[in-house]
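Chain by chain, the residues:
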Amino acid sequence: MGLAMALALLFPATLLAQKFTLSGYVRDKQTGEELIGANIYFSELLKGTVSNTYGFYSISTEKGSYTLVISYLGYETYETRIELIKDIRLNIELQPSGLSTGEVTIQADRTDKNVKSTETGTILLPIKTIESLPVLFGEVDILKTIQLLPGVQSAGEGSAGFYVRGGGPDQNLILLDGATVYNASHLFGFFSVFNSDAIKDVKLIKGGMPAEYGGRLSSVLDISMKEGNMKEYKARGGISLIASRLTVEGPIKEDTSSFIISGRRTYVDLLIRPFVPDSSPFAGSGYYFYDLNAKVNYRISDRDRVFLSGYFGRDVFSFANAENGVAMNIPWGNTTASARWNHLFSDKLFMNTTAIYSDYQFSIDILQNDFNLKLFSGITNYTLKTDFSYFPGDNHKITFGANYTRHLFIPSSVSGQSEEVSIDVGDALLQFANDYSIYINDEFDLTPRLRINAGLRGTIFQQVGPFTRYVKNAEGVNTDTITWNAGDEVVRFQNLEPRLSMRYTLGKSNSLKASYTHNYQYIHLASVSTVLLPTDLWIPSSDVVFPQVGNQYSIGYFHNFFEDYLETSVELYYKTMENQIEYRPGSSFGLTVGDNADNNFVYGDGESYGMELFVRKNFGSITGFAGYTLSRTTRQFDDINLGNPYPARYDRRHDFSGTLTYEYDKWQFSAVFVYGTGSAFTPIVGRYFMDNGTIVTEYGDFNSFRMPHYHRMDVSITYLLMQKDERRSSLNLSVYNVYNRQNPYFIYYDFQGSILDGQFATMAKQVTIFPIMPSIAWNFSF
Amino acid sequence: MKKNFAHTLILLLSFLIFLVGCEEDITLDYAEYDPKMVVEGSIFSGEYAEVILTKSTGYFEEINLNDSTLIELFGIPVYVPTYLYNTVIFDATVVVSEGGQHDTLQLIPDLNVFPFVKYRGSKIKGEPGKSYDLTIEYDNQEYWAQTSIPLPVPIDSLWFEPAFQEEDSPGFIRGLFSDPKGVRNYYRIFSKTQGRDSTFVHPFVSIWDDTPFDGQDSIEFRIFHGDNKLEDPEDPNRFFFLPGEEVLIRMCSIDLPHYRFWVGYQQNSGGGGNPFANPAPVEGNIPNALGNWGGYGVYETSFFVDSLQVDSLNLKSP
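Chains A and B, in that order, give the protein sequences.
Numbering of the first sequence is given in our numbering, commencing with residue 164 and proceeding in unit increments.
Numbering of the second sequence is given in our numbering, commencing with residue 452 and proceeding in unit increments.
No wet-lab data here; the hints were simulated from the structure.
Heads up, a few of these hints could be off.
Straight-line alpha carbon distances no greater than 30 angstroms define the calculated BS3-like cross-link-like pairs of lysine-lysine that follow [unchecked claim]:
1) A:Lys928 <-> A:Lys780
2) A:Lys928 <-> B:Lys581
3) A:Lys511 <-> A:Lys537
4) A:Lys560 <-> A:Lys548
5) A:Lys829 <-> A:Lys192
6) A:Lys928 <-> B:Lys506
The following label-pair restraints were derived from C-beta to C-beta distances [what the hints assert, rightly or not]:
7) A:Phe539 <-> B:Asp668: 19 to 27 angstroms
8) B:Ser649 <-> A:Val765: 33 to 41 angstroms
9) B:Leu562 <-> A:Arg904: 30 to 38 angstroms
10) A:Asn648 <-> B:Arg673: 57 to 65 angstroms
11) B:Leu516 <-> A:Gly841: 45 to 53 angstroms
12) A:Arg904 <-> B:Ser649: 53 to 61 angstroms
13) B:Thr520 <-> A:Gly841: 39 to 47 angstroms
14) B:Pro738 <-> A:Arg816: 27 to 35 angstroms
15) B:Thr478 <-> A:Val765: 28 to 36 angstroms
Computed from a predicted model, the values in this text were never measured in an experiment.
All C-beta atoms in this analysis are idealised placements derived from N, C-alpha and C, irrespective of residue type, glycine included.
Modelling step: build the complete structure from the supplied sequences, incorporating the hints.
Here you go:
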């Protein structure tokens, strides 16, 4: 509908006046890196655009003489006169504004993008902001910073998992250079897998998701890796308490081809080793993780460019106990690889084609005496996608594309071996699926004040054989098995996903925005515990598990004060989610031998609504942002809580985060404060005897009790030891949880005595993971 | 194996917490607990209703079974742990009604069943196809529930299956029945072994529903000996039947709310305090009280455990 209207309105206008196109790339002058989301506009017309994920822009208007202004956060604004009497190709290089010089060019940093764009619930976080905030163990963490934004909640103490507007942690599409990252955390979520040294840009979309993104209900976290310096060799890195990082980048051929390679490894295991003597039964136990990011790119011509990028990371936990002959090795992690090709068909039509491989694996290898048991779960994807951006002119942008993904899910597989027995149940449990989608998105000005972004996404998800369904009775006994051969269709879902967002300009510095999105999600994360664990299973939609369906409505008022000095916004949202899954009450994680992982679920719906306030000051010697969210998230499952709605585990009535950074001479001070309503959990309130003396535990209403409120303050001081040209070295002292708040990680019940001895007592215990944690890190670049 | 996996993870987390974390005792503000009435009520077809009434206790209340109180129970002096004694309700008015008839249940002793007293009817016996109301008045409060007795389903055959390949091996009983077509059926099974059980006991998994096999013939089931609290918990054979034993088998039809209650009960007995397990609340059919009021349509048959009759093809008719 929107599209038809758009086309009808567009064509007469195009025919009337002769138009020319200005297009090109926006890049960093020092490194040659493309800049994402730079503002490009003609100041006389107040008409503009933003550069896309590859730094490309295209703007068309009537012939004439204009002042072209290009601005980007953290860079000097570029201004030039343009005689638009023909199509012009113009690549622009922006000069980074001086870091830590004490003086900040006010002109350079201002942006009114938040007011002008149609995007609701979208926040772009420059990596510079992320790096200036206090850290845990000296490790800069993108996901922890994301959690400070309004509408985004942390999944728990120190966790990299996050909940957006009442959606589950599986409803966030986390993309690293276009590749889906299924488990974005290390060490149970205490660290994210993204090494900030290799990251260029982070964009979070929590509402009004454009049609180019799909497959998730709640949000998109689009992370772009740096391309590598096109001009000269550079290195940067850091040494912190638990890890070291090193990144090297540089031209392979100046202004044509470059590379970046970045690595990180923790060394807790190496630090602990001296304290665990070889004679100890636990010798050989330890934990570490490492990451490797690498990327190369090559500009074949001004029209063609290719990129190859990859990520590989593993957590490895090993445990040995010589006394009972157990040795265990537990590695898990992600691998992603993407190959992409950017092609410019004309100055109005841009194409990006990507081939992607993404893989997440978790395994446990247990060797007990002569018995070897291996558990394995994982998810593997192969994706081919192509995206086009077409710029017909007059602030008009059409994007369209198609995507195919082949999924392989290994919900849980076991193989074991001893001298006598060998078991392997692996292959029967695999689940294969094909995922197809096409989309079109049209963004245009309906009137000078009203800008529309309308999109439609069509998706088909098909589960295919080989597959075996185990049908079970209430006793948990197999009563039937149904088998599909390779390639046979087990089930198919096909859906249309309309998306609409609009902006109405009220004045020079304020606007109203509204959006509606309808999404389908064909994969589910089954999480049995109150903490996110690497064992949480990814389950595809199947003959018994139906796709998640989401609807989100949001409106927002955006107002910038003091000539864009201060950005503010208020957003309201309402969201519904269907076909949510939970483990059947009373179930505990286990292996699925002769069973399908999805036989243990119950299904229900979710609802969330809330208000988000956001204030941000991006420049000056004092910068920072603050967000407050008032929200309510409930779930309703027929099989849980007698079918009555109950608060979701991550229902958080109040959530506040504030950050403040102050720069003075060679010093930078920053602080973060977070406050959140305690997580909901189901308390055990009583016990009683029945069935001839059996003790029955009485639970309170589902998720009716709250853990103590969560609050914490972190501070950090960075001192610039040396700065000469582009060589820098700095020392960072961070204190996490500065007033040593004992925040609950989980609550459990401990018992003393035994019923058989006639004396028995129960008490509740709260486990806190992080007390006050000071850390020091040294960072450098040259 | 299930256990290993869970343990591994808890171990992993413990390792982490050992590295940096700390734990402390906390008092949760729901620790102030208001005891609820617990109803364990049943009406079997052909029998009078029986109701056991107790009170729940707070989860953080210490259980002490060593302090005893001497009470006189129907003229018999008995030492009862004070803790348990305090949970028993002796003075409720319990009435079962059906079709305008009322039966006021009387408190009687039963030393075979905890807590040694129960309320029993004397007028209304359960009949398949009828619904029964339960009304309890206690402490100025009234409780009400309703259950039904579905039609019983007969067992077609039973046989014994030894657990081990040895002479006179203990084992379990297998059986076949035909599920009635077109109706939802829910089943619960009990057994009572002569000379061993003083009351009917049920195996750990005692319920099933007919979703996977509605209307089919020759549905096979299996019965282990139930948990009899009077038996030595160390006895390796306590969950088996032994050759030479005479066993009464009861296969009962129950209605859906009743079935749901036992599903919850079964799941509940696994958990408790594990922060990584899902809560398993038990959902009964009595508003404002714990427990359940349930009717049973009984099919009863006796079976002689004969270790020679082990061939499953050589069916033994009940």
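Violations among the numbered hints: Checked against the structure, the hints that fail are numbers 1, 2, 3, 7, 9, 10 and 11, while the rest are satisfied.
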